[in-house]
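Peer 1: Line by line, the protein sequences give chains A and B. Just so you know, the first sequence maps onto residues 1 to 386 in this note's numbering. Just so you know, the second sequence maps onto residues 1 to 751 in this note's numbering.
In short, the hints are calculated from the structure, not lab data. Positions of the beta carbon are idealized from the N, C-alpha and C atoms, including for glycine. Warning: the hint list may mix true and false statements.
Reference excerpt, derived from the structure (chain A facing chain B, CB under 10 Å, subset only) [unchecked claim]: (1) P38; (2) G272; (3) A379.
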Amino acid sequence: MTAQLLSANHGAALAATLAARANRDGRGFCSGVYPITPSTECMEYLCQQQIEKGRVIRVESEHSAMGVCIGAASAGARTFTATSSNGLAYMYENCIAAACLRLPVVLAVANRTLGPPWNIWADHSDALTLRDHGLIQFYCADNQELFDTVLCAFRLAEDRRVMMPVMVNMEGFILSHTVAQTEIPDQSQVDAFLPLTDIPHRLDRTPHTLGQIEVPHQTEMHRWQHHNAMLAVPAIYGEIQDRFADIFGRRPDDPVVPYRAEDADTLIVSLGTIGSTAERAAEMMRARGDRVGALRVRLFRPLPADAIRAAFAGKKRIAVIDRDIGLGIGGVLWSELRHLADPATVMQNYVAGLGGGDIRPEHMMKMLADLEARDGGGAPAMMEAV
Amino acid sequence: MGYRHPSESSLARSDGLVLPLEVRVHGRGGQGGVTCAKLIAALYTQMGLHVQTFGDYGSERSGAPVQAYTRVDRTPIRNRNKIYRPDHLIVLDEGLIGAQVLQGIGPGTVLLLNTHAGLEAYRGRFEQYRLGVVDATAIAREQGIGSSSVVIINTTILGAYARLLGLPLAVLEQAYVSLGLGGDFPAAQHAYEQVRIAEPLQRIAPSAQPAALGEPAPVAALTDHDKDVPPTLKTGTWSNQIPVYGDHSAPCNLACPAGNDVVGFVQALRGGNVEEAAAILLRTQPLPSVCGRVCPAPCMQNCNRSAFDGAVNIRGLERWIGDHAELSLPSRRDAALHVAIVGGGPAGLSAAYQLALRGHDVTIYEAGPALGGVLRNGIPSFRLPQPALERDIDRIRSLGVHIRCNARLGGDDLRNLRRGHDAVIVCVGFGPAVDLAANGHDLTGIRQGLDFLAAAKQERVALPGDVVVVGGGNTAIDCARTALRCGAATVTIAYRRARQDMPAIAEEIEEAEREGVRFLFHRLPVAFTGSAKVSTAVLAEVEAGSPDASGRRRPVVTGRTSSMPCDAVLLALGQKSGLDLLPDGWTMKDGRAHEGGQALPVWFAGDCATGEGTVTHAVGNGRLAALAVLEGRAMAAAPADGTRVAPGQIRFSHFDLAAPNGDRQHLPSRLAGNFDEVNLGLADPGEAERCFSCGHCTRCDTCLVSCPDGVIYRTEDGYRVDGEYCKGCGMCAAECPRSAMEMQEKHEVTP
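Chain B extracted, bound-state conformation (with noise of 0.2 Å):
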C-alpha cells in the first residue's frame, strides 16, 4: 500500500545513523520494558523515519524476563520477526545480563547497561562493544517514578540512550515534551548527564561477524515430533529483588507519648483477646482507664485510617481494656533497688510502677492525702470518675509499691532522701498557676481555676451567678463545666487567640460548647472592676501577630476593649514550671541533678522536668525515668521517627468503609450538681476491627494470594518466601495492605 515517507530530519541525516536500525530492549515483565521500546520508536519518529516496535510478551507476567524490540527505517518496516542481531542493546535489568541477553550483538554493537556498577566493573568483558552504563534505577528512584514496588526506569535510560546517540539534550527535552513526558524528563537528563561511555578498544574489522545464530529445527514428518521441552525454570535467578517481611513504624504508635504499642493492643482486642491486649498495653501505661479518657490522643491524630474513613477510636479502646481486663500483674520484689519516688501524679506513679513490677522496691511520697495529684485534684469527675481512678492506682499499689502520703518535701529533704536510697526519681509536677497581671486582679470573686477545681472534687462548690473563665487550655474547659454543674448561670471563655489554637482536647470543647458554655476569642482580660467583689471583666480585643515558635500567631493586645458584666473570673491560664525543692548547690540538667559537675542518683520526670502538660506525657517521660535509673543513665529522648508508614503506602481498596464507632454520650438534662460522667465509652472493643495494622502483618494472606508463581507460603510465625522460584516481581508487597512487606535489592539484603 502506497505510504507516504515522513520527511526526515537534518538530524538523523547528520547524525550517521545506519540504517535500517534494529535495537532490542530486555528487561523484566513490570519494569515497562515494552514501553522503553516504544518510546526509543517515538524518539525515532520524531526525526521523520518509520519505525515499528513490540515486546515479547511471556506468560510469566511480572518479573520474568521481557525483550522489546524496535526498527528504524527510511521507509515502512514489513519485518515481522522478532530481533535477532540487534545493532543496539539495552539491558534495564543488570541481573539479566548472560548468554541469551547477548545473543546475536556482533563486534560494534552499542550496549546500554542500567547498572549500580560503574563502568570498570565491565572492563574486559565488553570491549568490542560501544558500551555506555548508568544507574537508572537509582535515578528514577531518587526522581520518584514508578510504583510502590518497582521503580519504572524506561524514561530515564531513555536519556542516557540519547547520549549514545549524539542527540543532543534539546531535542531530547523537544521529544519528551511531544510525548507527554516532561514530568520525567529531569530524570532523563540526570542519565543523559550520568552514563559513563566506553568506546570499543579494537577497531572493528569489516569482515567481523556475529556469532552464528543456532540452526532451525528440521523439518519432520508431524509424526516425528514427540519431543516436549523441559520445563524445569528456576525463576528466581531472574530476580534482582525480593519481598522482605518486617514491621514498619505505625504512625499511631510513634505518636504516641507514653511509648505504647497501639498497634499491637488494638490488633490483640481485634482478635478478641481482651487479657492479651491488657498485657501488650501495661507494658507501658500503668493508667488506662484514665489515659484512656483523658488523653488528647495524638494516635488517633495520626491515625492513617482518618484519610479514608475516620481515624479508630484508640482511646476508646483503651479505656474499654482499662476498664474491663482483670489481668492480675505478679507482684515481686526479687531486685536490689531501693528507689524513692517524689510525687505521685502520673509521672511519678508511671516510674514507680515501671521499677516494681521489675521488682524493685519503690517509695512513693506524697504530699497529698491520696495518690494521684492532678488526677485526683484537677481533672473533674464527669471526665474521669473516682472509680476509675481508683481501679489504676489499686493495680500500680498491688505491685507492692510503699506510699507515704502527706509527705511534702522541702529544703534539704531530698538530701536525705538520696542517702537513704539507691536512686530518687522527682515528679511533682507544675509550679504554681500563673497569674493575672491586671488591675482588680486581687477582688473577690477572682480565683485561681486549679483551685476552684480541687475545692469542687471534695466538696460542693456553688458558684452562681455570670462566670468568666480565662484561658483555653483543658483547665479551661474543666473550669467551664464545673462551673455550670456548681450553678453558674452563664459561663463564657475568654480566649486570647483563635479557636484552633486553643491546646484543649478538640472533644472536650465540643463537649463544653454541647453544654452551654460561650467562646468569646481573641479577647483578654485587662483590668477587673466592682466594689469589693468583682462585677465587670474588661476585655481587649488581641489581634493575631506574627507566628511565634509553636507556630501559632502571637497574641499582640489592642487598645480597643468591652466590658462584660459578671459575678466570678476563673483564671486558667497554666502553671510556673520551675523546682523549688533543689537543695542549694544542685542544678537540673537532662533531667538528672548534678552537685559539683558530678551527676547525683536524682533523676527528674513529668512536668517539672519538661513541662509537656499531659498525662500520657508525663507517663511516658516517668517510664523513661525508671529506664535511666535501671541504667544509671541520662534521661534517654524518645525513641526516633522511625519508618513511618503513611496514608499512601496503604491499600485502602482492601479495606471496606466502616465509620468509627464514637463513645456513647450521657448528656444530663439538667447540669447542676451532676457529676456523672458524660462520656461512657465504647458499647463493645468491636471498634479494634477498624484498626489497618499499619506497618504489622496480620497474617491476612494477601500477599500469598497475590503471589503470580504461588511461591508464598504460610509459615508458623507468618510467611516464606520460596527464593528458588521467586521472580522479584513486587506484586505482594504492592498488594500489601498494611506496608508490612518491601522489596529489597538482593545486593543489598544481608543473607
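Pulled out of the complex, with its shape left as it was, chain A reads as follows (with noise of 0.2 Å):
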C-alpha cells in the first residue's frame, strides 16, 4: 500500500485497471471510452495503462463505448467505462440495456450538469436522470471514498445475488479535479478482494440468446427480480464493507454517512462532496450552541430507506440541499426523502450549487437561518452559490 498523488479521475482509472488486472486469470477486461469533460482524464488515464488480458477501446461515442462493455460483458469480461454529463444522457439506452441485460458494468461519472445552455460544472443532474433503471448510484466525497468505492463496485457489481451495473459518482472538478494522496493498495490485496469475473448467463459454449423479445408476464418477472436484487444489495454490501476492511485494513463508509447526527436537533443532507461542507456548517452551528449534525446519502439507488428513516427520527428539523433539481417538483432527493421523516419533523428543501456553484458553509447557515424561521415545510427554495 502506497500513497499517491492522484486525482479523483486518475483514482477511478487507477482503481478500474487494478481490477482489470485482476481478472487477468478469468476472462479478460474490456473497456470503451469515449471523453468528455470533466471525464475525459479518467479515460485516458486508463488508455494509458498496461493491462495483461485487457482492452480498452476508443470508440466514436458514448453510446458506443456502454455498447462495448455490454458486448464483453456479455462474453464474461471485467468493464468499466466513465463519462459525464450529455455524454451520461447519449449513453443512456445502452446503460438501460447494461442494467436490464443484467451486466456488471462499473460506470465512474463524473457529474456535470446538462446542456445547452453548456456549462461544464458539476451537478448531480446527470446521473440522477438514470436512478429508476436498476444501476447501483454511489456518491462519494473524497478521492479516497472514490478509488475505494470503485473497487467495491466491482465486487458488488458482480456479486451473483446483484448482477447489474453500478454508477460510481464524483463532482465534475470539484472532486474528479481534485489531486490528493490517495492509498493505493497492492495488486495482491486487490486479487484478494476480487473473486474472478463469473457472469452466469454470459454467452459461452451453450447457445442462448440475451435481451429477445418477452410476453407481459416475463416484464413483469424481470423487473422483480430486479427490484429484489437491488433490495438485498445494503446486506451484501455489508459483507463487502467487512471483506474489504480485512483486506485493506479500513472500511468503507456505510450507506448512509452520519455526522454528529445522534445529538442533533437539526440535520442537514446531501449527496456527494456537499456534505463534507455540511459538516463543517455543522461544527461551525455548534460552535454558537446549535446542536447541527448532518447526514450524507452514500448510496443513493437502492435507496436505504431504513437507514435514513431511522436517523431522522426524532429531529426537529432538516435542511435537503439538492445540487440538482427534478423540474417541476425540486430536488431529487428531497423528493425522495421527503415521507421518510417524522410529520412534525420540519422538512425543507434548498437547491444550490447548479451548474458548479461553490457551496460553503457560509450558505447552509444561511439556509439554516432560514429554516429555523420556518412552522413547517413549504415548496423548495433556493440559493444562488455566488
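Put the two chains together into one complex, using the hints given.
Peer 2: Shown next as C-alpha cells:
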C-alpha cells in the first residue's frame, strides 16, 4: 500500500486498472471509452495502462462505449467506463440495456450539469436521470472514498445475487480534478478482494440469446427480480465492507454517513462533496450552541430508506440540499426523502450549487437560519452559490 | 476512513509553517497555474504533509483568468470549497492584479508576483503583506520552457516560492528531482536567487482581519430567481500579450546570393500567375533561365521542407518562370547617369540590368565577340543551351543597354572610361586558370579545362582515348561530361579531397556519374610522363589533414603514388583572382577604386571583386554594385541574417506529405556528339504548391479558425484581431502553420 498524489479521475481509472488486472486469470477486461469534460482524464489514464488480458477500446461515442462494455460483459469480461453530463445522456439507452441484461458494468461518472446552454461544471442532474433503471448509484465525497468505492463496485456488481451495473459518482472538477494523497493497494490485495468475474448468463459454449422479446408476464417477473436484487444490495454491501476492511485495513463508509447526527436537533442532508461542507457547517453551528448534524446519502440506489428513516427519527428540522433539480417538483433527493421523516419534523428543500456553484458553510448557515424561521416545510427554495 | 498519517519531516516542523495552510494561484489558462498549484502540493508532500489541490477551470480556456488552489494540513483535508482567504497568494501574470485577485487576503499574507517590474514598482501598494517579486517569465523564456506562443513559468516560480518559504535550495532540488522536473531546476534556481522580498512594514495587529467576503445570496423561493448575470465581458482586458502579424525571413530568401524574393515568386506562381511571379523574380534576377539551370541553389539546401518530405524544387520553378513568362519590361531612358560596365558576364549583365531598369544610360564593354562571359564560353550547352542564354540576354538588351563587343580594355582605358562616364563598374571575372606545378605538365595532351570547354562550345572537338580531369568543382564536372561527348573512351576525375568536399553541385556530380564518369578521390597528379604526348599520370595519394578555414580538411600529399595511363588531361583547378587592368596608382578597397586616398566613381563586382565563383553570387554582387553607384557609396554587404524561420517553427502537421517534383531528365543513349540539354526541368509549375511560405502569411485562415473566441477577422490585406476581446491565449500564433505571426508582450508593442 502506497500513498500517491492522484486526481479522483485518475484514482477511478487506477482502481479500474487494478480490478482489470485482477481478472487476468479469468475472462479478462474490456472497456469502451469516449472522452467528455470532466471525465476525460479518467479514460485517458485508463488508455495509458498496460493490462494483461485487457483492452481499452476508443470508440466514436458514449453510446458505443457502453455498447463495448455490454458486448464484453456478455462474453464474461470485467468492464468499466467513464463519462459525464450529455455524454451520459447519449449513453442512456445502453445504460438501461446493460442494467436490463443484468451485466455488471462499472461506470464512473464525473457529474456535470446538462446543456445547452453549455456549462462544464458540476451538479448531479446527469446521474439522477438514471435513478430508476436498475443501476446501483454511489455518490462520493473524497478521493480515497472514490477509489475504494470503485473497487467495491466491481465486487458488488459481479456478486451473483446482485448482477447489475454500478455507477460511482464524483462531482465534476470539485472531486474529479482534485488531487490528493490516495492510498493505493498492492495488486495482490486487489486480487484477494475481487474474485474472478463470473457472469452466469454470459454467451459461452451453450447457445442462448440475451435480451430477446418477452411477453408482459416475463417483463413483470424480470422487473420484480431486478427490484428485489436491488433491495438486497445494502446487506450484500455490508459483507463487502467487512471483506474490504479485512484486506485493506480500512472500512468503506456505510450507505448513509452520519456526522454528529445522533444528538442533533437539526440535520443537513446531501449527496457527494456537499456532505463534507455540511460537516463544517455543523461544526460552526455547534460552536454557536446549535445542535446541528449532517447526513450524507452515499448509496442513492437502492435508497437505504430504513437507515435514513432511523437517522431522521426525532429530528426537529431537516434541510435537504440538492445540487440538482427535478424540474416541476424540486430537488430529487428531497422528493425521495420527504416521506421518511416524522410528520412533526420541519423538512425544507434547498436547491443550490447548480452548474458548479461553490456551496460554502456560509450558505448553509443562511439556509439554517431560513429553516429556523419556518413552521413547516414549504416549496423548494433556491440559493445562488455566488 | 482511516488514513495513515505520513510522518512529518523535521523541516516542516522547524519552519514555523502555520497549518492548515491555504495557497491560491492566479494565472491564465495555458500558463500552467493549475500545475503550479499541483507542484506546490507535491512540494509539501515531500515534507510529509497532507495536501489537496485543484484548479478552478473556466469555460473560456486559454488566456482566461484561472485560479488554482492548494491546501496543506497535518490531517486529511475534507474541505472541498474553493479558497477564499488564502495565506499565500501567487500571481503568475501581473496583468491580473486587481481587486478580484486580492480578494480575501489579510495582513501578513505572503504575496508572490511574477512581474518584469521590480520591487520598487509596488512600493506603497502591498505594505502589509510579505511581498516577493520575480521575473519568472524572463527566466523561463531564457531557459526555453514553454511552447512557441506561451512561456510556461510554473516550475520557475516555484523556486521563488521556496525562497519565500525559507526552504534550502538543496531541498528544492531534491523535490524537483523526485517530481521528475530536474530539467527545470536551473530555472527554479534562478528564480530562487533572483526573487526580491519585502517584509511587511507594520507589525500585524493580532486582531487584524481580512476584509469581509460578500454576503451569500438570500434564500428564496424558486420562483423568485428571475435575474440573469450580465454577460458583457471585455476579455481583452485579461491579456498581457497580443498576436502580431509580420513577415519573418524564410531561409530560402536569406540563402539566395542574388537576393531573390524566393517565397514571393514561388507563392505568386502558386496562385497560377507566372507573370506576377516573373515580376517579383525579375526585380533582382535578370538571368532566370540561366540561374534556373546552373545555380547550386542554396535556397533548396536551406528549404524548411527538406526537414519534412524534401526541399521545394525552387531552381526548377525559377527556370519555369524564366522559360515561360512573357513579361516585357518597360524600356525607359529618363534617368541621369551614364555608366560604363566592363565585362559582359553575369555580374556585368546584372549591374547593367539594374541600372537600365531604372532608366540610366548603360554601355557594356565586352572583350569577347558576344555577351555572356562564362555562360557563353564555359558552361556546356547540355547544361545551358544557347537559346536559354539568349532569352535572358535579349531581355536585358531590350532595356536599351548599349553593347560594345570585342572591346578588350587594358592600361589606362579605365581612366578614360571614368572620364567619359558618371560611373564605371568593372566585372571582368576571375583571372587566368591555375596551373598544375607537376613534372611534365607541358606535355601535349594536357590543357586547361576552361580552354577545352570554350573550344567545345564553338566547334566540334575530338577527344578520344582515356581522359583524366583534375579538380572537383563545376568546371571539372563540365569538362568530364563534355569529354564524354567529344568521344572519350573513359573519363576519370581525380580529386584531392573526399566526395563530400567537392564544390560542384551535387546533382551535377550524380549526373556525371550516371553518364559514366569515374571518380578517384584523395588523388593528385604529381607528374605526367610520355614521349611528347602525355601517356601516364602519376597520382599521389592525399590524406586528409587538419581542417582549414573553410572547415574542409587540408589535403596532405603523401609519397604513395600510382600510375594511370591516359591520352589527355584536363586541368580544372580553379582560377586566380586579381585584376590586371587597374591603372597605376589605383587601389581597390571595399569594392571601389581609390586613388591617393580618394574614392573614385569606379566599382568592382563579381568574381574579380569577390571570388565567390557562382553565377548567382555574381548576379547578386552586380546588383549591389549598381545600387552602390546610385547611392554613390561603397558596396553594401549583403543584408544581415534576419529572424530566420527554423524548421521547428513550421507546423508540419498542417501539411500533407508530397514528394518533390523532380526535373525531367533526358538520358541520351549515346553521348558522343550529343550536346542536347540533359535536364528538361519541371513539367509544370505545380511544385510551387509545396512551398510552406515560411514566415509569410498566405491568408490560410488557420489563425481565424483556431481563435477560440472568434475575434480574428479577414481584412483586405490580411487579418485584424479585435483587441477588446482577444485574451492573448496565443493559440493563433501557435497554430500558424508558417510562423507568420507571433505573440508580443503588450508593454513591448508600440501602438
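Peer 1: Against this structure, judge whether each hint is valid.
Peer 2: Outcome of the hint check:
1. A distance limit of 10 Å between C-beta atoms decides the matter here; for P38(A) the minimum to chain B is near 8 Å, and the interface restraint holds.
2. Because the smallest distance between the Cβ of G272(A) and any Cβ of chain B comes to about 9 Å, under 10 Å, the interface hint for this residue holds.
3. Contact between A379(A) and chain B, as hinted, is supported at the beta carbon level, the nearest pair being about 6 Å apart and thus within 10 Å.
The earlier numbered hints are all upheld by this structure, with none contradicted.
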